[in-house]
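Order-wise, the sequence lines are chains A and B.
The numbering of the first sequence is the numbering used here, which starts it at -10 and goes up by one.
The numbering of the second sequence is the numbering used here, which starts it at 945 and goes up by one.
Hints are computed from structural coordinates only; laboratory data are not their basis.
Don't take every hint at face value.
Straight-line C-alpha distance at most 25 angstroms; calculated DSS-like pairs for lysine-lysine [claimed, not checked]:
(1) K1049/B x K30/A
(2) K3/A x K53/A
(3) K55/A x K9/A
(4) K1034/B x K44/A
(5) K30/A x K998/B
(6) K9/A x K44/A
(7) K1034/B x K998/B
(8) K44/A x K55/A
(9) K3/A x K44/A
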Amino acid sequence: GAVVSQHPSRVICKSGTSVKIECRSLDFQATTMFWYRQFPKQSLMLMATSNEGSKATYEQGVEKDKFLINHASLTLSTLTVTSAHPEDSSFYICSAGDSSLIGYTFGSGTRLTVV
Amino acid sequence: GIQVEQSPPDLILQEGANSTLRCNFSDSVNNLQWFHQNPWGQLINLFYIPSGTKQNGRLSATTVATERYSLLYISSSQTTDSGVYFCAPKGNMLTFGGGTRLMVKP
């Protein structure tokens, strides 16, 4: 079945630094990838939708200059949290879809802690 | 966008008990997925179910698209069923409900 690999699974960084999270579709071409954020004991909130070769579409309230998304190939999307602050600490999850897939497959998530 | 409500928000069961989780959504959808999020955060797809009924072992799901709701049945619950269950109807994109937090006690 469809597999999405997300790395790193856990990262701790200092305030003011940038962190890159990778999301790869391993056995299918992901024309669309989605990035979600989940705060403790809350649901998943969609941050942005990225389509291969074009700019990402950000949800309302998500700062595009802070959360940089790149979807340069059909198997890789990256989310870079720039100038991270403690309030950016959260669980970030990517998912990937393809027109041939029935549903969406999720990565294992990245737990970001900014100290 | 689609509004999604899940109930109950929290559920505690004794091992072996059965339960029904409900998901109401506000608009027509192309598909609907049920997920189990384990304690490590991994989202595991349980069902793709735009309509009708599907069964997989002790789990089954029913979606009545015309009435805009879906149900997830868990029978003979086990401690490993603990975690958060999300439904996610799909219109233009997946929209997650608030989840049902399930704890199964031995």
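Hint by hint, here is what the structure shows:
no.	hint	verdict
1	K1049/B x K30/A	holds, 20 angstroms
2	K3/A x K53/A	holds, 21 angstroms
3	K55/A x K9/A	holds, 12 angstroms
4	K1034/B x K44/A	holds, 22 angstroms
5	K30/A x K998/B	violated, 28 angstroms
6	K9/A x K44/A	holds, 17 angstroms
7	K1034/B x K998/B	holds, 18 angstroms
8	K44/A x K55/A	holds, 15 angstroms
9	K3/A x K44/A	violated, 28 angstroms
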